[in-house]
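A.B. asks: Heads up: the protein sequence lines correspond to chains U and G, in order.
Going left to right, the first sequence walks through residues 1 to 174 as our numbering numbers them.
Going left to right, the second sequence walks through residues 1 to 421 as our numbering numbers them.
Keep in mind that the hints are not guaranteed to be accurate.
What follows is a list of derived Cβ distance ranges for each label pair [to be verified]:
1. T134/U <-> R258/G: 33 to 39 Å
2. G148/U <-> T54/G: 27 to 33 Å
3. T185/G <-> R5/U: 38 to 44 Å
4. I113/U <-> G318/G: 54 to 60 Å
5. R255/G <-> R165/U: 29 to 35 Å
6. S170/U <-> Q285/G: 49 to 55 Å
7. R10/U <-> A342/G: 50 to 56 Å
8. I113/U <-> R258/G: 31 to 37 Å
Straight-line distance between alpha carbons at most 30 Å, and here's what the computed DSS-like set of lysine-lysine pairs gives [unchecked claim]:
9. K320/G <-> K36/U
10. K89/G <-> K161/U
11. K387/G <-> K36/U
12. K387/G <-> K87/U
13. K36/U <-> K161/U
14. K78/G <-> K387/G
15. K36/U <-> K87/U
16. K320/G <-> K348/G
17. K78/G <-> K89/G
In short, the hints are calculated from the structure, not lab data.
Since we're looking at a predicted model, the values are computed, not measured.
Glycine residues also receive a C-beta, built at the ideal position from the N, C-alpha and C atoms.
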Amino acid sequence: MTNQRARARRFGDDINTDYIIASTRKKETLDENVLKQYLLEAVDPAFAATVRPGDVLVAGANFGCGSAMEVAATVILAAGIPTVLAKSFARSFYRNAINNGLLAIECDTTDIIEGDSLVLTIDPSGTTIVNERTGRRETRPPLSGIAGDILAAGGLVPYLKREGRFVDRSSAPS
Amino acid sequence: VTARSQTISEKILSAKSGGTARAGDVVVCDVDLVLGTDASAPMAIGYFERMGGTRVHDASRVVFALDHYSPPTSAATKGFHEQVHRFAKTHGVRVFDVGEGISHQIAVERGLAHPGMLVVGADSHTVTCGAVNAFATGVGSSDLAAAMLTGQLWFRVPETIRVVLEGARAPGVSAKDVALAMVSTLGSDGAEYHALEFTGSGARGFMLDDRLVLSNLAVEAGAKAAVWESDSVLDSHLARFADRGEPVVADRDARYARDVMLDVASLVPTVALPHLPANTVPLAQAPDTPIHMVFLGTCTGGRVADYHEALAILERGGGKLANGVTLVVTPASSDIERQLAADGTLVKLARMGATITMPGCGACCGTSGVIPGDGMNVISTANRNFKARMGNATASIYLASPAACAAAALTGRITDPRAFA
Numbered sequence: 001m002t003n004q005r006a007r008a009r010r011f012g013d014d015i016n017t018d019y020i021i022a023s024t025r026k027k028e029t030l031d032e033n034v035l036k037q038y039l040l041e042a043v044d045p046a047f048a049a050t051v052r053p054g055d056v057l058v059a060g061a062n063f064g065c066g067s068a069m070e071v072a073a074t075v076i077l078a079a080g081i082p083t084v085l086a087k088s089f090a091r092s093f094y095r096n097a098i099n100n101g102l103l104a105i106e107c108d109t110t111d112i113i114e115g116d117s118l119v120l121t122i123d124p125s126g127t128t129i130v131n132e133r134t135g136r137r138e139t140r141p142p143l144s145g146i147a148g149d150i151l152a153a154g155g156l157v158p159y160l161k162r163e164g165r166f167v168d169r170s171s172a173p174s
Numbered sequence: 001v002t003a004r005s006q007t008i009s010e011k012i013l014s015a016k017s018g019g020t021a022r023a024g025d026v027v028v029c030d031v032d033l034v035l036g037t038d039a040s041a042p043m044a045i046g047y048f049e050r051m052g053g054t055r056v057h058d059a060s061r062v063v064f065a066l067d068h069y070s071p072p073t074s075a076a077t078k079g080f081h082e083q084v085h086r087f088a089k090t091h092g093v094r095v096f097d098v099g100e101g102i103s104h105q106i107a108v109e110r111g112l113a114h115p116g117m118l119v120v121g122a123d124s125h126t127v128t129c130g131a132v133n134a135f136a137t138g139v140g141s142s143d144l145a146a147a148m149l150t151g152q153l154w155f156r157v158p159e160t161i162r163v164v165l166e167g168a169r170a171p172g173v174s175a176k177d178v179a180l181a182m183v184s185t186l187g188s189d190g191a192e193y194h195a196l197e198f199t200g201s202g203a204r205g206f207m208l209d210d211r212l213v214l215s216n217l218a219v220e221a222g223a224k225a226a227v228w229e230s231d232s233v234l235d236s237h238l239a240r241f242a243d244r245g246e247p248v249v250a251d252r253d254a255r256y257a258r259d260v261m262l263d264v265a266s267l268v269p270t271v272a273l274p275h276l277p278a279n280t281v282p283l284a285q286a287p288d289t290p291i292h293m294v295f296l297g298t299c300t301g302g303r304v305a306d307y308h309e310a311l312a313i314l315e316r317g318g319g320k321l322a323n324g325v326t327l328v329v330t331p332a333s334s335d336i337e338r339q340l341a342a343d344g345t346l347v348k349l350a351r352m353g354a355t356i357t358m359p360g361c362g363a364c365c366g367t368s369g370v371i372p373g374d375g376m377n378v379i380s381t382a383n384r385n386f387k388a389r390m391g392n393a394t395a396s397i398y399l400a401s402p403a404a405c406a407a408a409a410l411t412g413r414i415t416d417p418r419a420f421a
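So here's chain G without its partners, still in its complex pose:
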């Protein structure tokens, strides 16, 4: 039976459930890739044992990444790492150790995630893997345990919102600006229970790293998954991997909940004000705000292109950090760190006075790295600016592009990066 009128998400969930999945259906699916972290796997191991689990259904599909407590800074966090290592050794699960990177970044850059896959991760930003034409979604620790135990999970098949990207970005406008505009347009719950599907004539202007940013931020609008089409941009990423999966194309007559048009050409540098990612304003209209800490990193803004974007602004602005500004650099993975070391980016940032920390989640959720001081304002390439997110409830977090973060590092204030163009 050939299923027709299906979105990419419906097609992937059909293939993985062995039936015809339509929006609204509940299906039980075989999961292709299961990701756990040091923040979620310890609790999952507890669930797994209480479920009576004695063996992992298919350990080759399970990966753990020790990314949140990188490095561990307490007996408790070190204990979590040891617990994960023990479980992984017993069951033959692959572990990416401390410093190797963030789970969903590793999944993409090592080719573990590829087109047509159903990826679940006990980390909400697992949606990032949608950039490779996969259905990828975040779950909690009990679902992680169930996926390890049974190889399956149940899903309500989501309706899909089509995000139509038209036009090309103006100079000085980053993928992060587009992503913030998308979240703001959708609203903080505008994509709740929905999948996003990116399309439009402007989509080809987004390189893989840009796509990862949009898929990553999609969960800040509540999206369950955020899937890109397969095209030449994706092909060039996949070229170095043996297993490239099977591209999944939406049917011409697929049914969408609605279309959201993003006129990319009209977008400008944008900042999310405290304490919600959807709370955006054009950077040029942001209130004049002193900045005390600048964070370049995370699964949103910790990739090679992000650091090149930031370094270009820093160099054009003279390369001197404003007095009193702390610049923290945390690459999203060791691969990224190696590339930045090889091309000289890291040493240049270090000479400017940046604090360079071990790859991983870093300061994003206050679990490792630098915690802002009382009353400090932070501008960050991350995805969440909730109050207390970085470990201090009196700090205020602003979210912006790597370029805008670099501009703030130079001036000590929220600054339109086009000032250094």
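Just chain U, with the same shape it has in the complex:
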């Protein structure tokens, strides 16, 4: 079980991947440690400089919509942000997050505001998010099946290095 206290960094609905990192930035380098200085610049040019390692992104619906570009997930991680909470995720971003070990949790983010202190407790039964300002608590179940196995392995690279292929344990005979 891990317990993290994290500062919420609040964004709205429909944060597309071009907002997370612009295609025009990615065109010049794929180095996340360079790209992270442009994180979310289209929404807030000053944002990247204010990120502290351990901050958590909090958004509304449809986070990561638009392009399927994977740097959108890896740049968030490179900035030191281990977790994104959103009401919902675009599916391509969600897959990319899992594949890189970025924790993307669908939950009710309505009452979370910029700067809230959140306590995330992550254990095999799921993730519990407590907002220390409001006292609101929500527990979300862990990912199951292959997606859960990939995330638990730390991403698709360690998963495939270990397994060699996708293994669906739910339909395996034992």
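Chain G: place on chain U using the hints.
C.D. replies: Chain G only, in chain U's frame:
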């Protein structure tokens, strides 16, 4: 065992997983066609190597298209191209080089994608290939690497929303108008995690190029795939290819999440206002807006029929661009460019003052082509109008049909193209 009550998506994912796939199931599928681009393959090559990959599972199923940096305009983009070429040569992967076109456009026009296929592409607009009765979806670079390495990917089988097209389009209404209306009706996340299946008595009124537009825009409502039925329209496209696949038909009692009715006959020319494709209004009710740049191109609006539609309006309006308007033309592929050159369209557009650029993604996401200036308003046949999408956060992007874009080029303002009917 005959599976019953299945949607087209469930049937394709069943066939590719060797079982009975139902919405909600997680399945591991053999992938028929894997598409990578210069924007996604370089990162995928990195994942592939870190996964320990030494050989591509089946190189005959993998295709790379150098479409986003077309032409490359920096040492970095040229380097990406060289990296992709090197990997492709080592592993025997086919590359469509700079200027040959956009990955999913190539997949359709060269018959690489056909009915019954499972197509994945590391480009969100891979959904476009759903127009040929295939299940086609966009993934990131790590999934592209995994598909190259293992020949497989895992999928959660999506529920399907049936999009029922009724009636015929009125004169002056384009497939793009229908597509924008669809995205607006569904909402920007209304089809999240879902597949779309197009049906209805009006579907036959949509030619293949029109279907590509609707499938393409489906991802702007979050759709995972956007599949058309197989019919005579599709047959006539497939006729010139040796491999035509196997049509996939939904069962009569297939289960759908819901139906979305589109009364096509009632639709009017439409524009998506900044900064979201779902943010549409009827063009006639759009705020009076000056236009500084007009972009005719992309995997949404860069096909032969699109340029013919635009040229017809431009010619009817006298063929003179409004003062201060830049018209940029970027065909979606070299095949399209050749046809437009042969039929005289390109030279006519050039004589009007259009800037004609190399086929590919062009100005759509600011990766090649013309970048709008500060504070400029752009009207575009593309699919995304996110702030900064074209490389300038102070520009505003409006999405509309080729006809509406042409009308704006003539007047320098957002204009209902029916004014030139």
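A.B. asks: Taking the hints in turn, state whether each one holds.
C.D. replies: Status of the hints after comparison with the structure:
For T134/U and R258/G, the hinted distance range of 33 to 39 Å is satisfied, since their beta carbons lie about 34 Å from each other. For G148/U paired with T54/G, a C-beta distance near 28 Å keeps the hint of 27 to 33 Å intact. In this structure the hint that T185/G and R5/U lie 38 to 44 Å apart at CB holds, the actual value being about 43 Å. Range check, I113/U to G318/G: Cβ separation about 55 Å, and the 54 to 60 Å hint holds.
Range check, R255/G to R165/U: Cβ separation about 31 Å, and the 29 to 35 Å hint holds. Restraint check, S170/U to Q285/G: a C-beta distance of roughly 51 Å satisfies the suggested window 49 to 55 Å. Hint check: R10/U to A342/G, Cβ distance near 55 Å, so the stated range 50 to 56 Å holds. Distance hint for I113/U and R258/G: a CB-CB separation of about 34 Å, consistent with the stated range 31 to 37 Å.
Under the criterion of a C-alpha separation no larger than 30 Å, the hint pairing K320/G with K36/U is inconsistent with the structure, at around 45 Å. The suggested pairing of K89/G with K161/U holds, with an alpha-carbon distance near 24 Å, which does not exceed 30 Å. For a cut-off of 30 Å, the pair hint linking K387/G to K36/U stands: about 19 Å separates their Cα positions. Of the pairs offered as hints, the one joining K387/G and K87/U holds, with about 22 Å between alpha carbons and a cut-off of 30 Å not exceeded.
For the suggested pair K36/U and K161/U, the alpha carbons sit about 27 Å apart, so the restraint of at most 30 Å is met. Restraint check: the Cα-Cα separation between K78/G and K387/G comes to about 27 Å, which is no more than 30 Å; the hinted pair holds. Between K36/U and K87/U the alpha-carbon distance is near 24 Å, which keeps this suggested pair within the 30 Å criterion. Taken as a hint, the K320/G and K348/G pair is honoured in the structure, with Cα atoms around 11 Å apart against an allowance of 30 Å.
In summary, the hint linking K78/G to K89/G is supported, as the alpha carbons are separated by about 17 Å, within the 30 Å threshold.
The structure does not agree with numbered hint 9 stated previously, though it agrees with all others.
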